[in-house]
Each structure stands twice: as C-alpha cells, then as structure tokens.
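There are 4 protein chains.
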Amino acid sequence: MAKKKVAVIGATGVAGQQFLASLAGHPQFEVVALAASERSAGKLYKDAITDAHGAFRWYCQESLSPEFAKIKVEDAAKLDATKVDLIFTAVESDAAKDLEPRYAQTTPVVSTASAFRYEKDVPIFIPGVNQNHDQLIAVQRKNRGWKGFVTPVPNCTTTGLAMSLKPLHDSFGVMQVIMTSMQACSGAGRSPGVIALDITDNVVPYIPKEEEKVEKETQKILGTIVNGEVAPAPFPVSATCTRVPVLEAHTEAVFVSLAKHATVEDAKKVMREFAKDFTALKLPSCPPRLIEVTDDPFRPQPRLDRDREGGMVTSVGRIRVDHALPNGIKYVLVSHNTKMGAAKGGMLVAEYLIHQGHI
Amino acid sequence: MAKKKVAVIGATGVAGQQFLASLAGHPQFEVVALAASERSAGKLYKDAITDAHGAFRWYCQESLSPEFAKIKVEDAAKLDATKVDLIFTAVESDAAKDLEPRYAQTTPVVSTASAFRYEKDVPIFIPGVNQNHDQLIAVQRKNRGWKGFVTPVPNCTTTGLAMSLKPLHDSFGVMQVIMTSMQACSGAGRSPGVIALDITDNVVPYIPKEEEKVEKETQKILGTIVNGEVAPAPFPVSATCTRVPVLEAHTEAVFVSLAKHATVEDAKKVMREFAKDFTALKLPSCPPRLIEVTDDPFRPQPRLDRDREGGMVTSVGRIRVDHALPNGIKYVLVSHNTKMGAAKGGMLVAEYLIHQGHI
Amino acid sequence: MAKKKVAVIGATGVAGQQFLASLAGHPQFEVVALAASERSAGKLYKDAITDAHGAFRWYCQESLSPEFAKIKVEDAAKLDATKVDLIFTAVESDAAKDLEPRYAQTTPVVSTASAFRYEKDVPIFIPGVNQNHDQLIAVQRKNRGWKGFVTPVPNCTTTGLAMSLKPLHDSFGVMQVIMTSMQACSGAGRSPGVIALDITDNVVPYIPKEEEKVEKETQKILGTIVNGEVAPAPFPVSATCTRVPVLEAHTEAVFVSLAKHATVEDAKKVMREFAKDFTALKLPSCPPRLIEVTDDPFRPQPRLDRDREGGMVTSVGRIRVDHALPNGIKYVLVSHNTKMGAAKGGMLVAEYLIHQGHI
Amino acid sequence: MAKKKVAVIGATGVAGQQFLASLAGHPQFEVVALAASERSAGKLYKDAITDAHGAFRWYCQESLSPEFAKIKVEDAAKLDATKVDLIFTAVESDAAKDLEPRYAQTTPVVSTASAFRYEKDVPIFIPGVNQNHDQLIAVQRKNRGWKGFVTPVPNCTTTGLAMSLKPLHDSFGVMQVIMTSMQACSGAGRSPGVIALDITDNVVPYIPKEEEKVEKETQKILGTIVNGEVAPAPFPVSATCTRVPVLEAHTEAVFVSLAKHATVEDAKKVMREFAKDFTALKLPSCPPRLIEVTDDPFRPQPRLDRDREGGMVTSVGRIRVDHALPNGIKYVLVSHNTKMGAAKGGMLVAEYLIHQGHI
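Protein chains in written order, with the working numbering: chain A, 51 to 409; chain B, 51 to 409; chain C, 51 to 409; chain D, 51 to 409.
Errors might be hidden in some of the hints.
[Stated by the list, open to error] In silico SDA-like links for lysine to any residue, alpha-carbon gap of 20 Å or less:
1) D:Lys263 with C:Ala105
2) B:Lys263 with A:Pro347
3) B:Lys120 with B:Thr100
4) C:Lys259 with A:Asp101
5) B:Lys259 with A:Val371
6) C:Lys96 with B:Thr100
7) A:Lys259 with C:Glu279
8) A:Lys266 with B:Thr344
9) A:Lys263 with B:Gly104
10) D:Lys197 with D:Lys263
11) C:Lys318 with B:Ala105
Note that these hints are calculated values from the structure, not bench results.
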C-alpha cells in the first residue's frame, strides 16, 4: 500500500515535534508538508527551531529526522490541504477553530486541540475504547458538507481514565467516578508552561478548565451512539486536577462505584484482558496491550512507568476495594500525557482510521 | 504559674528537634531533660547531633536554643520520669510501646508515635476538634492504674482531614469521605527517609500503613464518647496516600458526601467560623483560627501556605460542588505535617491539657 | 528625621514587589507612588496584581502591606519624579535606559537594572565593599547636568563574589579569580523565567550575558577611583555561570590566587572581621556582619543558608588551600540573589546614601 | 570465540544491577555466577531483590534479563573464583579490600571500587585514554604472585574530566586544572543515598573524599609508565565537588591552563578527533566517538545529554577562552556517572583487556 501523504500543522511547537518524532520511519505515512505560524514560514524546519542564541529548540528524546530538518515550513493559514491525504494538527484551540474546518473541507484532520471535541457530530477517539464512534464521521461529513473530517484525541488527562474505566464499565457497570490527578508539567506546554518558581517543592491544585474537560470527555468517550450522536455515559465523574513536579506522565487516583460487585481479582482480570481484539490488529503504534496491571504496591510511578511500551500503555496498580462507595474499587494509574495522551495517540487514531477505510 | 518541667524523648531525631524548636521560649514549659538512645547518652546535646565529619545535624529552620545545646542527653530507657511534669515523646512506634507505659505510670505523656492511638481508652487529640475526648484520660488511668497517661497526636495526614471535616460534620453530617493525599517527603523522616532517586520527577503511589491510619483515626477523632470509649464516626473514609516531591506539608484532595445539602458558601462559612471558642482560649501555640479558607483558585499550595500562622493552620481552598456524590462538596487542603501535624500539634495538646487541669 | 518620600517603578513585577516587601515598615522611607507599565496604570495596586482567574500574583514571603495595596498605580512613563526624594527602579534594562535618566534629572535613582552599570561615572555599589565610590555621584551630576543621579546595584551573581573577595584583596591582594556559579531560578524572573521542563533534574550551563557581567562588575566594584572614574581592579576574573534546580540563592565555587600567602585561618579571619566599621553604622537593612564564615564542611547550602540575617549576609564555607593556583585559596559561597542581590541590597544602598547626605 | 564466563559480585546492589543490565545479550560474556552478601545467598536473584512489601527492587531502565532472574545468588565470601574467566565487582571499598585480592589470585577482576586504585602496580583504566597502562598488569601479577589481577575503573567524577583533558594534554600540554562539579544523586547510591530533604531546592557543596579522588586519579590516568609504575601527570588539579538535584550524570565546569596557546577551534578539533584508533576497534560497548563536542551554547545538559550513545560518550560544550589562566581554555562537560562512569565503563575495560589478550 502506498504511504499516505501527511502534513503536520504547528510543527515547530512541542506537540508538533512529537508528531514528527512519531512519524519518523512510520510505515504508513510520508511527511510532505510542515506548517506553522507566519513567523516560521519560509524557513527550513531546522532553522525555524533554532533560536537567536544558536540553541536548537528540539524537545523530543528522539533525534530530529534529517529528512524533516530540511523541509521548508509553510504558513498554516495558507496550506493547500488538497495535496495531502491526512493532516495532523497540534495548535492552540483558537487557531484550531479557524484552521481545522478549512482543512476538513477536503482532508481528514486528526487533532490534539480541544476546539471540536464537544461538538455533537465529532467523536473523541481512543482506539480500543470507542472505535465504534467512527460512525460519527459520516454524520459529520454530511452535516457539514465536508469531504474530510475532524477527529480530536481527548485531553491528556482523560485518556488514562477513560481507558481504565472502559473494561470496568463493560463488565460491571460504572456508577460513580471520583478522580484526583497529579499531572506532569509537560501538559502545560512551553509557552510559557509551568515555571520552576511555581512548581518546585510544590503542588498547584488548579488547572483551568481541566476538570470540566475530563468529566465531560470521559462521559462522551464511554457513551453510546444514538441517532447519530453520542449519548454520554450516565455516570457522574468528579475530578480534582493538580499539577506536581513531574516532567512527563499524569498519575491519577481513581475511586469507582460499580453496579455489580467485583473483587480486586475480577477488576484486574478485565483490565488485563481488555481490548485483545483491538491489539490483535497490530497497528504500528499499538502496544501489545492497552492496560498493564501491576501487583507491585509501589507502582505505577510516572518516572518509572511512563515510557513502558513507548509511552502507549496505561499502567494501573494498587487495585483494591474502596469501602466508601457502593461496590467500590480504587486504583492508581499512570498514562503518558505527551505520548498516548497526545501525538502518538493521534497516530494510533490515524492508523485505525486507515484500517477502517476512513482515510 | 510556675512552668511545667518537661522532658523530650527521642530528642536527637528530627521530630524531637521539632519539639525543642517549639519549646524554646515557651511560656509554660521548662525543658529539664533530653533523652535518646543509649548511643547518645552522656553527650552534650550539641555534640550528640554533630556527626563525624563535623556537620551539625540540626534540621529545624529555627536555631537551636543555646540552653538546650548544653543539656546532657540521657538514656531514654533509664529516664526518671518522676522528675518532670510532662514528657513529649518523638520515637518510633516500637520504642514507644516500651517506653511510654513506663513513663505513664507516673507522668503524662504527649506522643507523636502511633503505638497507643488505637487503644480504646486512649484519645487521639486535635484540640479544637475533639477536646472533649479528654474524658478518656480518667478511664485510661483507672484501667491501667497509671498516675500519668498517654495522649498521642494523630498521624500527620489525619490532622488536616479531620480538622476540615469537623465543621462540615457538625453542621451538615458527613456521610462518605474520599481523599487522595500528596504527601511531603518530611513525613518519612530521615532514617533513611525518601531518597532523591525515588522521588525526583516522580510520584510514589503507596505509603505503607498510611491509608489505614488515616481512615481509622479520622473516624475515631470525629467519633463520640459512649460508655467510656470512643464510638467511631459512622461514615466511611477511603484514602489513597501518595508521596510527591515536596519538602514539607501534605496536600489533600477531599470529596465529601453530606447528609444535608450545603452550598459552597455554607461550607466556607462553617469552616471560617469553626472553633472560635477554642481559639478564644488563646493557648500559646494556637493560631488565630484553625482553618483558613481561601478564594484564590490556585491555592492552597504546600510551599506557599505551609508556614501560615507558624504552620498551625489548615488551609482550605477550591471548595466547590461535587456532582458524583449525594450532597457532594469537594476541596483541597494543605496542612503542615511536621508542625501542626507533629510536635507543634503536640504542644497545643499539652497546653490544652494544662488548661483543663490534666497536667 | 522626616521620612524620605519614595516611588517604586516596576512595582507590579517580582523585583518591584521585593522593594515593597522591604519598604513595609521601613523607618526611613514612605512609599508615596507606585508605577508600572501603562497597562497597570490607574488600577489599585492590589487589583493590578490580581489576574483574570482571581489569583493574587504577589510573590514575596512577606504579606503585602495593606497601605500599599490601595495605592493607585501610575504610568512609569508619566511619573512626576519631583514629588519624591528617591526612586527605586525594578524594570528591564531597556525600560531603564529610557526612564532612569528622565527621573535622575531631578531625583536620585537606586536601580536593579544593568542599564547604567558600565558607564564611567556611575558607581556599582555594594555598601561595606566600595562605599567610597560615592565620589562618582558628584562627577555624574556634573557630567550629565542632573540634580539627581543613578546608582545601580550589581548583578545578583556579582554581589557575593565581590563581597567575599574584598577582604582577601585588601589583606593579601587578589591576582586571579575563577568562579563557577550554580544559580537559582528566581534570577531569571517570571516572564517567562525558567520553565520546569528545562530545569527539573537538570543543570543549564549557560545564562546569556551573565559571565561578562560578573567579570566586569567584580573588577569595577573592587577597583579604585582615579581622576573621577573607576580604574578596574587589575586581576582577571573568569566565570562559568550555570542554572540549577534551586528556587532562591546563588551558590558559587570560587578559586582565588593571592599575591601573598595566606593560610586558611588567615582567610577566615579577614572575612570574619570584614567591614566592622560599616556594620557599626547599624543601617536598618544591614546585617550584623556582611560575611558569615562557617566551619561545617557541608555548608553553606542555598536552601538552608539563604535566609540567614534576612537574606543580607554572604555565607562562606569550605575555605581551603587550592594547589593549582599560586597562593591559592578556594571556597564556596551562598548569596541571596533576590534579597542582598536585588531589592534589599538596593535598600541598603539608599540607606547609606542618606547617611552620607547624598539623598 | 567462546564467551568468557563471568561472575558479578555485589549483584543485588545498584551498581551490580547495572553490570547485569550491561551484560544482558553481551556478545563476549556469559554470566555464570551472581554473588552478594550472606543475607542474599541461596535465593533466586529475582527473590533477592524483592522486598517484604512485594516491591521489586530493580533499578535499571532496562528490564532484568529473565535468565539472570533465576540464577541462585552465592555468598561473595565463598565464591569459587576459578570457575569463571572474569569477575566484575560492585561492592563497597571495605568489602573490595577483602574480596578482590582473594579472587585475583586466580582470576582477573574489573572493579568499580576504589580499594586498589591508588596502589602503584594497579592501573586505573579508561580505555581510549590510557590503555597503555595495561603494562602494569604484568607488574602487578609479578609483585603479588597472582594469576589474575585487579583493574579498577576511576571514580565517576574523574572519568569525564580525564577524558576531556587527554586530547588537550596530548596536543597542547595541560599545566593547571580547576574544576567544579555538579554531581548527580545516583553517585551516592541508595544506602541511604542522598535524601530528598537534603537535596530538593538545594546544592550540597561537599562530598566526602571526592575531591581528593578526582585530583589524584586524574593525575594518575594521564601519567606515564616509568619503571613499572605510574609517574603521575605533573599538572595540579583542584576540584570543588558539589551535589545538585539531578538524578543521573555529572556536570563539570573545567578551567585549564595549557603549555601552548590553543584557539577554541583548536580545542574543539582535538576533542573531536580524539581516540579514533581506539573507537576503530569497535569494541561492543564503545561509542562511535569518546567525546561529543557541541556548539549549542546551552549544552551539554545532564538530563538531555546523559543517554547519548548509551551513556558512554562525554559531552563537551561551551568551549571558550579563559582569560584568568595562561593559555586558558574553559568548558563544561557532562558524563554519565553510572554508565561510562561505572559498570558500562567497566564493561569497556573488560572488552579491551580481552582484545589485548589479558583475559
């Protein structure tokens, strides 16, 4: 199969760089265009990310692929979307609101922005969890008269939560969810991001808009499609989202009330056996299992577990009975916010959409 | 009133040092004895805390009082308890099990150890919250044939939780409590404590025995005295206790279900008006109010709020409605684990016991 | 003596806030004007530092004085300098280049900016070290036709270095200086400052322009006045300036070659006896001694020693022989970059200038 | 060629684990014995590193090889050294003093301990830097009547310094060296290691015995063999060694006086071209070049550069002229203290000794 031609929008930013890191050597995608703001347009990519002091502002662990380094950056506002088969966008929500519908007129868009997440005809995809929401793509195209479409990935804090709840919901029925997150600094990006003076030796107990996103997105992702739109899952989700001095990966302490009694072993079992059909597709970015359950009481830990399976697995541990909620189960999860929770998660979405023939 | 003669046991350790810092210049107490393990016995205090490299192992922000520096350290196992009016103990639980009953035969003991916390005739005191549990002192003396008694302070993670729940419970009835803590490294002490390799850029999701303590102690502290023993508060408490890269002060995300509906303003009001009778006693270590409620959505933060009122106030913020629990309220608190949560909290207990004539 | 009327320029920024914290309750100064950029002009100070989320952006440990909170902020570009006796400026270098000469036409200016530091007729003051450089004030006034003048404090990294070298230079003659700094994040301010993603678990080995400043300023401060200008000290200074994950206080490892042999005890002695005449003036912001020498081999440490004497003392330890340099001595110092190294250092300058009748 | 049979001593500790991580899949070595203290003896390796809470105390990024997991741990004091061709030791200096001579009677020992580093007939090896010191092996065998020998790797702080000085010394002659290190917490191990309470938001300016080791070892490594022993390099080395809040990799700010003038470009060139003959041997653990020179002024940084080439390369940046020393050059280096500076460095030593026929 010929490789799909792709463009990355917001390519000079951190999230855009993570798309590039994920795309280097990818078996299905060929990067043919990089776009950013007008300021970077016209420069070679490597020059666009080199600053006035001569510092090379590439922020991924992986090296920049030499073939991307020499691509000339385009102005995102002027990109000809028809020359690619797929567009990955990694821009702020305001920019996304403007750019994504323009691209989607002709071309599929996989986005890390929140701009379209809460539209009725837009699925928030986590493949393995709600891939059947791809039904909305046809609805979206029809509603909007687009040849392409927009499929955003969830907020990075939602991903691990929705992932871990899904097998519990399928087997035992989730009734109530209470979650406290301890989120990594990378979630705030770099402009300006979290400054050291604010987070060193500290916890910041508030991340604007985060809790609302997590609560709403979890219900939407675990919801069902009824009459061409998502009926959100009926259980309430209550989150307290905090920032901690961690570079990468969000840690979440989850308390769940279930409709049916489940033992700790039951919960472990359904998590361990989760999504085998999906992982059996062996999509290029898919880990061998979506959830890794550990019995070590001191795990998962963000620094030690975030890079497991390339940052694509949700690590769950400390599964135990919760006595405060009816049929309560509690656990701790770690999910890589800038890998499965962002660009690499978007990559997996794109791979699944190809597999289903949407791209 | 003549000053009470006091001894500090475990004086060379961090918790013991914190007792000394609190006792320097205290209007009611005169330190007449310092005790530690046999190894330190016979040395001047300042020499006992100077190591082989010449480093001075005093760990408090406050300077060591010169008068304590020159006290000769005694062997805790051989201390003559009758020469003091009160003993502060800051030793490990195993040592406390052995030493505290011996001292209590003749002398009141205020302890930071957990050894006796779960005995039926032993109150876990937080003055302002459950001072009426002092009824147990007479029971304890009678049961055990002691002239003295043992009153432990709670686990440092319990203190802020019980403090913040008390006004809610009094006014609206607490039905369920779910709490995730983000605890400071100082809670683990220094022997060996939390090592930098384990906590830098990380969260450790498990602290052995901590959750059980918090759950049990909160119920006991908010319980009522029935027939000479504590009937624990009937509401369930479920905790997930984690360690974060913070030096001092525990942060807790609390979700509470109430028996009666309360608005956010109601909750703020009862917290702000809490324990005015108690603070009116103006005990030397008592802050002007026990709970400080903030409207700044980014507060409380452990580094910024821990030293408020000398580390004796519980800071509460982000009070808001929780939609997952019946009549749900959620909030974040910060409590100084080694001040109100340890030695200085013990100081306040002792001051109250003097006020009530128990010492 | 009537209090001097003062204005603080750049009052909403971190450095400006530190001036306010230092001015609260100051015996010699009365704050009559606060100025900032046009954006803040017209707002009450407390509103000018409250953000859109309702967060109160006051960054000092000390509380904001209620009397400052209600001052209406003025536009720095339009300030009437004649209404005050003294102006403290805490603005970026570019703004200082424009504003300070305008104010200095009528009014003395004590500045934390580097804009005028390298002018021939401008002293860089560290009282106790080079107060005799106040001779330049008359020169400056004459040269520029100003009634006022500009006296900048040094770069925060220079302060501790120049302070610790001065007694060595006076007694033994400094011949060569090699210094590696480990600087606090607060040195970079908050706009955007050092982001957590860059400094957590890391050292950044470069701070633009910092090394040049330290090298040049140290020579100027330890220089002599010849014919109405500073003849820089003739010894070379070589610095490597790095950023480390520390909130406040710069740590510097210094290696010095001396003209005359000095033992470790000699070096300790001259540092301990340094500037007694100056500290005897008992200026309000002056610590009891300018240099604190410790024999504890593990000290000084920035977190433990930065707040010693209100952040106004330079802590020096590990003084020992250096075998690589002729008559070599090496040591480690800690100096509080945002106290003695900034606003509070400026306060001390102003106090000395009043004492000398310059204001 | 048949694989060499090797034993790892101190296998349960962190340094021992790093040997195991390096040995997994190694083309030249077959692990046939793991030894530790008596306490671990008799247990399967995986059980020996599992603690009472069920936590798995394996500290390397790489997973534990399943084949090592099931080896039964032996008592190091009773190990039969004759059954292996080579022994890697990772034990404390005191234990090494006892164990290593016993093993060396029959078997070559590559050690991370300092016990034998300062003996006249013992080379401190950094292959590529002083491989010709292997002449001492014959001397050592003869002196001590051993069939085996002991070759220690240097202190982890010495490695990068000696490495970076070698090309300068060869081409221009080193006359004086001044170095300030900012060392990672992992250098102190885990028993108890550096505790978070001591290093968070801090710098500790003293590491007992470290400076002496660096000074002495650098001279020995860059020395020449004269009459069967090392004549240390004649230039003085002066170090200040500090600990900073970094997990892995030591950063060093180096100031060097050269015998002959060299430009910055000259220095870069000799570093870039260094040791090509050695890297051409393509030993399994050898990186493609020993020194990586960067022109980015903000590099090297420990977190970003430590894992370059598997942690085996010394990254050097900020090479510039130093005006305080005659023919002065200054630079910053980063070297991975627990990879090239410990077990993986020992691996490279062993590989070279095989290549030369010593094993």
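Cross-check of the supplied hints:
no. : hint                   : result
1   : D:Lys263 with C:Ala105 : violated (51 Å)
2   : B:Lys263 with A:Pro347 : holds (17 Å)
3   : B:Lys120 with B:Thr100 : holds (13 Å)
4   : C:Lys259 with A:Asp101 : holds (16 Å)
5   : B:Lys259 with A:Val371 : holds (15 Å)
6   : C:Lys96 with B:Thr100  : violated (47 Å)
7   : A:Lys259 with C:Glu279 : violated (58 Å)
8   : A:Lys266 with B:Thr344 : violated (27 Å)
9   : A:Lys263 with B:Gly104 : violated (55 Å)
10  : D:Lys197 with D:Lys263 : violated (28 Å)
11  : C:Lys318 with B:Ala105 : holds (18 Å)
Of the hints listed earlier, those the structure fails to meet are numbers 1, 6, 7, 8, 9 and 10, in rising order.
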